[in-house]
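Visitor: Sequence:
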Amino acid sequence: MDLSMATMRAASHNDNLDKNEVVKLIEMPEDLQGKYQYFTEAKIEKLRKIGYTKEMHSLEEGVKDYVQNYLAKEDSYL
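Numbering-wise (the working numbering), the sequence shown opens with residue 22 and increments by one.
Keep in mind that the hints were calculated from the coordinates and are not lab data. One thing to keep in mind: the hints can contain errors.
As the list claims (entries may be wrong) - Mimicking DSS-like on lysine-lysine, the simulated pairs with C-alpha atoms at most 30 Å apart in a straight line are: (1) 56 x 45; (2) 75 x 85; (3) 56 x 75; (4) 75 x 64; (5) 45 x 85; (6) 67 x 94; (7) 56 x 67; (8) 94 x 56; (9) 45 x 75; (10) 64 x 94.
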């Protein structure tokens with residue numbers, strides 16, 4: 022599965038986050054195939070053209086921050 026987050030490039034969700042992987046990919050049921058978006062990639066040219074210059078975080082940076090600073094907390098629901 023490929024994902025992107027406004028970085029104009031695709032990235033895998035299986036990248037190393039210094040944790041053992043516990044994600045199990047389950048194949049899409051046939052009756053749902055064609056109804057699910059497997060690939061997305063943001064194009065940010067228009068955003069840049071109107072003057073947005075802040076640096077985008079990579080998918081890897083965002084996921085790592087989310088896992089380490091949110092999910093890995095004792096009470097991740099807070």
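Visitor: Next step is simple, just say for each hint if it's right about the structure.
Guide: Hint check results:
{"no.": "1", "hint": "56 x 45", "result": "holds, 21 Å"}
{"no.": "2", "hint": "75 x 85", "result": "holds, 20 Å"}
{"no.": "3", "hint": "56 x 75", "result": "violated, 34 Å"}
{"no.": "4", "hint": "75 x 64", "result": "holds, 15 Å"}
{"no.": "5", "hint": "45 x 85", "result": "holds, 18 Å"}
{"no.": "6", "hint": "67 x 94", "result": "violated, 37 Å"}
{"no.": "7", "hint": "56 x 67", "result": "holds, 28 Å"}
{"no.": "8", "hint": "94 x 56", "result": "violated, 35 Å"}
{"no.": "9", "hint": "45 x 75", "result": "violated, 35 Å"}
{"no.": "10", "hint": "64 x 94", "result": "violated, 33 Å"}
The structure is inconsistent with the numbered hints 3, 6, 8, 9, 10, although it conforms to all the rest.
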